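Colleague: So you can see what is in the structure, the chains are spelled out below.
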Amino acid sequence: MQRDIRLDLAEDAWQGRFQAMGSPCEVVSEARKRGDALEITSLVAAEAWRIENKFSRYLDGNIVDRINSAAGRPVEVDDETADLLDFAVTLYRLSEHRFDITSGVLRRVWRFDGTDQVPEPENVREVLQRVGWHRVDWQRPVLTMPHGMEIDVGGIGKEYAVDRCAGLVKELHGDPCLVNFGGDLVATRAPGRRRSWKVAIEGDVTAAPDRIIELKQGALATSGDARRFLLKHGVRYSHILDPTTGWPIPDAPRSITIAADSCVEAGMISTLAMLKGVAAEHFLKAQNVVFWCRR
Amino acid sequence: MSRKENRSISAALAAATCTLLGSGVPAPVDAQEEPLWDFNTSLLYYGEDDDRVKDYSVSAIARRMFVDDRYLTLGLTVDGLTGATPSGAIRQDVPQTFTRPSGNAAYTVPAGVLPLDDTFKDTRVALSAGWQQPVGETSLINVGASASKEYDYTHFGVNAKFARDFNQRNTTLSAGFAYSFDSLDPVGGAPTPLTPMLDVGDTSNRTGNPDKDVLDIIFGVTQVISRNLVVQANYSYSMSDGYLTDPYKVLSLVDASGDTLPQTLTPGPSHQYLFESRPDERTKHSIYGQAKYFMNGKVLDASYRYMTDDWEIDSHTVDLHYRIPFGADSYFEPHLRFYTQSEAEFYQLSIPDSQPLPSFASADYRLGDFDAITAGLKYGWRTRNDNEMSVRVEAYRQTGSVPAGQIIGNQAGRDNYPDLNAIIVQVGYRF
Chain A
34 MQRDIRLDLA EDAWQGRFQA MGSPCEVVSE ARKRGDALEI TSLVAAEAWR
84 IENKFSRYLD GNIVDRINSA AGRPVEVDDE TADLLDFAVT LYRLSEHRFD
134 ITSGVLRRVW RFDGTDQVPE PENVREVLQR VGWHRVDWQR PVLTMPHGME
184 IDVGGIGKEY AVDRCAGLVK ELHGDPCLVN FGGDLVATRA PGRRRSWKVA
234 IEGDVTAAPD RIIELKQGAL ATSGDARRFL LKHGVRYSHI LDPTTGWPIP
284 DAPRSITIAA DSCVEAGMIS TLAMLKGVAA EHFLKAQNVV FWCRR
Chain B
134 MSRKENRSIS AALAAATCTL LGSGVPAPVD AQEEPLWDFN TSLLYYGEDD
184 DRVKDYSVSA IARRMFVDDR YLTLGLTVDG LTGATPSGAI RQDVPQTFTR
234 PSGNAAYTVP AGVLPLDDTF KDTRVALSAG WQQPVGETSL INVGASASKE
284 YDYTHFGVNA KFARDFNQRN TTLSAGFAYS FDSLDPVGGA PTPLTPMLDV
334 GDTSNRTGNP DKDVLDIIFG VTQVISRNLV VQANYSYSMS DGYLTDPYKV
384 LSLVDASGDT LPQTLTPGPS HQYLFESRPD ERTKHSIYGQ AKYFMNGKVL
434 DASYRYMTDD WEIDSHTVDL HYRIPFGADS YFEPHLRFYT QSEAEFYQLS
484 IPDSQPLPSF ASADYRLGDF DAITAGLKYG WRTRNDNEMS VRVEAYRQTG
534 SVPAGQIIGN QAGRDNYPDL NAIIVQVGYR F
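Going down the list, the sequences are from chains A and B.
Note that the numbering used here numbers the first sequence so that position 218 is 251, with each residue one more than the last.
Note that the numbering used here numbers the second sequence so that position 308 is 441, with each residue one more than the last.
Read the hints as simulated data drawn from the structure, not as lab findings.
The structure presented is a predicted model; accordingly, all values stated were derived computationally and were not measured.
Idealized CB from N, CA, C, for every residue including glycine.
The reader is advised that the hints may include incorrect statements.
What the hints assert, rightly or not - Selected chain B positions facing chain A (Cβ under 10 angstroms, derived; list incomplete):
id, residue
1, 142
2, 145
3, 146
4, 148
5, 149
6, 151
7, 155
8, 156
9, 163
10, 261
11, 262
12, 552
Kindly generate the complete structure, drawing on both the sequences and the hints.
Modeller: Rendered as structure tokens:
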């Protein structure tokens, strides 16, 4: 895994870059000295990598791996994991069971690569037997999950990491800073040298950004399937799967960008809205949040 | 689900997030889409050589963004035009005296010099307003209005366009129209076509204030071919109706030697000139194709237009722009444009007195057979306060010819088509 940091002076701000959680990550800071910028970037990268190591479902030996390979035996988890699981339970309830951290196994039959490889309904039904938080026994701090099921906290992890990192930067430094992990981001403060942080939301056809958001403070998160989808007989299958049916949510927007106080809230509201399918905009309007939705 | 239940979702989520992050209430978010207003301003200088037309133009376009991708656009342009423009009369080996368009005075052009009418001085003010908004999820509508005023010309126009996306937004079909109603108030009144230029003070062939209207209809298709390539094709139809003649243009009435017939009026015209005459209808068809190709920040924009009309002018235009990033915040954009047109069927260099008068005749060089090339370079950069600045410099060269069959006697030895060179300098600032 690539574990190095690059630091460049871009115009009037330091841009620290590294790779984590499958995304390009950047930390833009207005630190006065290169050393300060490096310290901020190193701190953020270390925290991002810590969270990735601990919760990535691709790595052996971490807590997620221990849970997924427990084969029906109870697993006692640490506080941070327990907090994430509690949070996932809240989302499970708020989404009427459509946000489900046990739904990851559906990806064995659904591969969203832009092709027409839509799975057979019987294969989907078979995998669905191993999906459903209601089958899990969670008595903090002990989790007991039937054999063959898996959890994946990837749907929360990146936003969680962004908020954690922004919090650490705030404690360390007063300088304005933007923490951006693959488009999910937090600005700790309004930049001093310009009016706002300008965040371009990428269009899906050309590389040109189709929307520029001026962020002074707070978080932006985007859910979308600009590139992750299947296309068969003219039907576009979005990558947002409904774990109660095993099939993609019909009529989900192409992308939803949310502005919220924290990246976790922004990310979760956009995910919950995606899960509403055709009613996404209706749901968002009722939430009283700042949003940009593309169909 | 009711609105109240929905609200409780975001409240529950906020509470759960606080627990997860173990922090207090975070600072409230402050985000908005880019400024509600943006302004695109430019200063333009257009200068033709040989003391011909010069135009200093200032323009500003203000755009106000509203929620749900709706925009209001307001535009203002002020042009200051000075200089002289070819009157249509041919060169002579002797000085020529003309009555000014106002009919109040005369001016003299030296022997061998192309007659230019130097009363060409004007200020034009143009205003426009447009509104754009989505209709449903896949369509977009634009409506607009425009007006402009200069001392001898008033324009009012309305336009509308509807576009709809198909095929996962990869295809856009559009249809639009523009209608304009223009009225002319020529200095001294509009002359009756093909009547002679009269002596100073004689306004007996001047009539009232003519007008014209123009209807344009356009159909277009835009297709996304790949992530890098977008192509567009348009067909447009334009129908002009009314007074299409240029009230200031004349033709020389010549004898068999090709020289303009002299007359003895004082101080008025030294020779015989007839005011031009054009049909009162013109129908144009044009086909336009454009491709935009994106390559790692570089953008090639190539287009071609073919236009044909019932005045028998056919034209071809090839336009190429190539945008090359230069560093992170600036770019160069070379521009090349080639244009060629055939002459209008009633274009003629002069009118022979031996033949009956035609119904329509014009010696306006813009209706002649000519080629033009524009070559330019634009440099644009992002300023320290995050705005955009650009400078564009272009050279324009137009060369034409008069059909050999129209050249009579002594005209053969003269430079009959007034070639044109111009420089365009534009400074733009967007904020």
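Colleague: Which of the numbered hints are not met once you compare them with the structure shown?
Modeller: Failing hints, ascending: 10, 11, 12.
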